[in-house]
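J.: If you're matching them up, the sequences are chains A and B in order.
For reference, each letter of the first sequence is one residue, going 1 to 198 in the numbering used here.
For reference, each letter of the second sequence is one residue, going 1 to 375 in the numbering used here.
To be clear, the hints were calculated from the coordinates, so they are not data collected in a lab.
A hint or two may mislead.
Distance windows between CB atoms, simulated [stated by the list, open to error]:
id, chain 1, residue 1, chain 2, residue 2, range
1, B, Q344, A, N18, 39 to 47 Å
2, B, G364, A, R37, 52 to 60 Å
3, A, G188, B, A191, 16 to 24 Å
4, A, R46, B, A191, 42 to 50 Å
5, A, E34, B, D46, 49 to 57 Å
Below are the SDA-like pairs computed for lysine to any residue, each with C-alpha atoms no more than 20 Å apart in a straight line [as the list claims (entries may be wrong)]:
id, chain 1, residue 1, chain 2, residue 2
6, B, K363, A, R45
7, B, K363, B, K373
8, B, K363, A, G44
A partial selection of chain B residues facing chain A, derived with a Cβ cut-off under 8 Å [said to hold, decoys possible]:
id, residue
9, A58
10, T59
11, R94
12, D103
13, L203
14, A246
15, L359
16, L372
By construction, the Cβ of each residue, glycine as well, lies at the ideal position given by its N, Cα and C atoms.
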Amino acid sequence: MTHPSRPDLALYSGCDLNFWKRFRVEHHLHDCEECRREVEAFRGRRQSIRTVAEEMPPGAEWNVLAAEMRANIRLGLSAAECIANVGIPSRVRSFRWQLAAGTAAVAVFVTGGLWVYSRATQAAPQATVAASAPVTGQMILKATRAGLEMERDGRGMTLTYTSGARVIPAVAVSHGGLNARYVDDETGQVTIHHVFAE
Amino acid sequence: MSLRNSLIAVFAAWQLDAQTPVPGASRSSVKVNLPPDSLVGLISADWGESRTADRGSATILNLSTSLSLRNLSNRKIRAISWMVISQEVTPGGRAAVTKASLDVAPGENFPLRVDLRLLRPVQRHEGPMVEMTLDGVLFDDLSFQGPNRLDSRRTMTAFEMEARRDRKYLQEVLQARGTDGLKQECLASLARQADMPRLNVALARAGRTTGADPEREVQFSFLRFPDAPVEPVSGMARLAGGEARAPKLEVVNRSRRDVRYLEIGWILKDQKGREFLAGAVPAKTALMPGGRTQVLQDASLRFSEPTGETVPVGGMTGFVSQVEFSDGSVWIPSRGELRDPTLQKALYPSAEEQRLTNLYRRKGLQALVDELKKF
Numbered sequence: 001m002t003h004p005s006r007p008d009l010a011l012y013s014g015c016d017l018n019f020w021k022r023f024r025v026e027h028h029l030h031d032c033e034e035c036r037r038e039v040e041a042f043r044g045r046r047q048s049i050r051t052v053a054e055e056m057p058p059g060a061e062w063n064v065l066a067a068e069m070r071a072n073i074r075l076g077l078s079a080a081e082c083i084a085n086v087g088i089p090s091r092v093r094s095f096r097w098q099l100a101a102g103t104a105a106v107a108v109f110v111t112g113g114l115w116v117y118s119r120a121t122q123a124a125p126q127a128t129v130a131a132s133a134p135v136t137g138q139m140i141l142k143a144t145r146a147g148l149e150m151e152r153d154g155r156g157m158t159l160t161y162t163s164g165a166r167v168i169p170a171v172a173v174s175h176g177g178l179n180a181r182y183v184d185d186e187t188g189q190v191t192i193h194h195v196f197a198e
Numbered sequence: 001m002s003l004r005n006s007l008i009a010v011f012a013a014w015q016l017d018a019q020t021p022v023p024g025a026s027r028s029s030v031k032v033n034l035p036p037d038s039l040v041g042l043i044s045a046d047w048g049e050s051r052t053a054d055r056g057s058a059t060i061l062n063l064s065t066s067l068s069l070r071n072l073s074n075r076k077i078r079a080i081s082w083m084v085i086s087q088e089v090t091p092g093g094r095a096a097v098t099k100a101s102l103d104v105a106p107g108e109n110f111p112l113r114v115d116l117r118l119l120r121p122v123q124r125h126e127g128p129m130v131e132m133t134l135d136g137v138l139f140d141d142l143s144f145q146g147p148n149r150l151d152s153r154r155t156m157t158a159f160e161m162e163a164r165r166d167r168k169y170l171q172e173v174l175q176a177r178g179t180d181g182l183k184q185e186c187l188a189s190l191a192r193q194a195d196m197p198r199l200n201v202a203l204a205r206a207g208r209t210t211g212a213d214p215e216r217e218v219q220f221s222f223l224r225f226p227d228a229p230v231e232p233v234s235g236m237a238r239l240a241g242g243e244a245r246a247p248k249l250e251v252v253n254r255s256r257r258d259v260r261y262l263e264i265g266w267i268l269k270d271q272k273g274r275e276f277l278a279g280a281v282p283a284k285t286a287l288m289p290g291g292r293t294q295v296l297q298d299a300s301l302r303f304s305e306p307t308g309e310t311v312p313v314g315g316m317t318g319f320v321s322q323v324e325f326s327d328g329s330v331w332i333p334s335r336g337e338l339r340d341p342t343l344q345k346a347l348y349p350s351a352e353e354q355r356l357t358n359l360y361r362r363k364g365l366q367a368l369v370d371e372l373k374k375f
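Please construct the entire structure, taking both the sequences and the accompanying hints into account.
T.: Rendered as structure tokens:
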């Protein structure tokens, strides 16, 4: 007896085979206990992955992400409206609306991508002065995408930007320290972080 | 594998890679201090999202603190500032978290969230690792209460002055050009915010952060504001590759009032011609009318692209960004002075302009109009 390949059994378990292959695998499963067990195992694994995936990852907040997407779409449409109010032929105007809708769709994907990227960068703090070799005992202050950081002799404290905030921080240096400010999307509060050396 | 399966796998991997939760870990790690005469009360505290992860011989501890506070005074709160200290992790280092542009009525509750990441040796420490202490509260009549150990009074007053200036400007735009004019103003501001260069900055007090490049002295050029109480006369700093250090400026007091504090904004130009705000060179002083003084900062700044690539610095521009008089009142540049093309490219909009344009972006024009009418 020729058994279907493991990839085909895996695809069958997720209903992802085309009609003809599915028919052949189904026919085979009628007579093959071993392949039926294999398919059941694939289904079990898929279910456990789905259960895990249904819970959002820690720190991920769907409402924040959705609000960010809506805001970007609104902004894209407003910008398109602003440039569309001059006297232009209706065909061109219609094209501009299509362009705006396309831009909004792209914005959704870009926002999602940036969000995923920002989660990744938060997990791994950036080494912005890795090559600077600070003197032992010297406090180094850093401003990175994750937040403002104080570091001395391998120890450190970082004021991280609130998760879900639209972080375009304005970083500045004053009073022997660094500061950064941003608007927290959840609360609408203006937040200013400041780190000082001695 | 279909797109759906790929997404499920990515989310599953993400979940499995997540750090280990340590329930209650931060409860004993963070201590909140309020002065006995505080006009802000602590209603509740939540330390719900602490996680640890070991990286070699060090432990990373993420602390997420959410406080619910109440305004116990009979005035509206405009800003609040907290000092954050971790003696165990960074002895001598201090941090501050300030919330500005608030509008908290007497008796009203408001949230405060502080997220921290600590990198510390693996061995355990008894007692709180982080202390959060109220440094001050600014009210709508510009009165202040608090220990003010971080000079929060001046910082928050300057933020409030900027907020009033920019709210007034947008209210004038609304009155003169209607909602269309307001919308265009917001879109222009958002476009400007998006165009600002985003660089990583590292700062070291005294000495250089790296000795790889030869140093040269470069003179400042200045933007002069006719209404500024203080005028920069001359200045220089040392540049080497992507590092700028030890700015030294001379200023003269053109006003009729005593000045006790001033800041010179410091704009750097890279070799591609991009200009960006490096920060401000501050000076505590006792400068009488007509008097001159030197402003120094013994610090090194190094700039890099988000990719890690060094940004070579080519030139510098200075401007007066803030002056505090001996009576505690604060001068800031006007909207007209900020229209200078160099500042338009390099200077970030005020915190209030960021807040209001973000409100427009998220909730639309009517929400912004309603917000402007509150003040």
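J.: Give a verdict on every hint.
T.: Results for each hint:
Against the hinted window of 39 to 47 Å, the Cβ-Cβ separation of B/Q344 and A/N18 comes to about 59 Å, which falls outside the hint. A C-beta distance of roughly 57 Å is found between B/G364 and A/R37, which places it inside the suggested range of 52 to 60 Å. Taking the beta carbon of each, A/G188 and B/A191 are about 21 Å apart, inside 16 to 24 Å as hinted. For the pair A/R46 and B/A191, the beta carbons lie near 46 Å from each other, so the given range of 42 to 50 Å is met.
Separated by about 53 Å at the C-beta atoms, A/E34 and B/D46 satisfy the suggested range of 49 to 57 Å. Among the hinted pairs, B/K363 with A/R45 is inconsistent with the structure: their alpha-carbon atoms are about 42 Å apart, more than 20 Å. In summary, the hint linking B/K363 to B/K373 is supported, as the alpha carbons are separated by about 16 Å, within the 20 Å threshold. The straight-line distance between the Cα atoms of B/K363 and A/G44 is roughly 44 Å, outside the 20 Å bound, and the hint therefore fails.
For B/A58, the shortest C-beta to C-beta distance to chain A is roughly 6 Å, which falls under 8 Å, so the interface hint holds. Contact between B/T59 and chain A, as hinted, is not supported at the beta carbon level, the nearest pair being about 10 Å apart and thus beyond 8 Å. The closest approach between the C-beta of B/R94 and any C-beta of chain A is roughly 5 Å, which is under the 8 Å cut-off, so the hint is satisfied. Interface hint status for B/D103: violated, as the beta-carbon distance to the closest one in chain A is roughly 10 Å, over 8 Å.
Evaluation of the B/L203 hint against chain A yields a held restraint, the C-beta minimum of about 4 Å falling below 8 Å. The restraint placing B/A246 at the interface with chain A is violated, with a minimum CB-CB distance near 13 Å, outside the 8 Å limit. A distance limit of 8 Å between C-beta atoms decides the matter here; for B/L359 the minimum to chain A is near 7 Å, and the interface restraint holds. Annotation: interface hint on B/L372 violated; nearest CB of chain A at approximately 14 Å, more than 8 Å.
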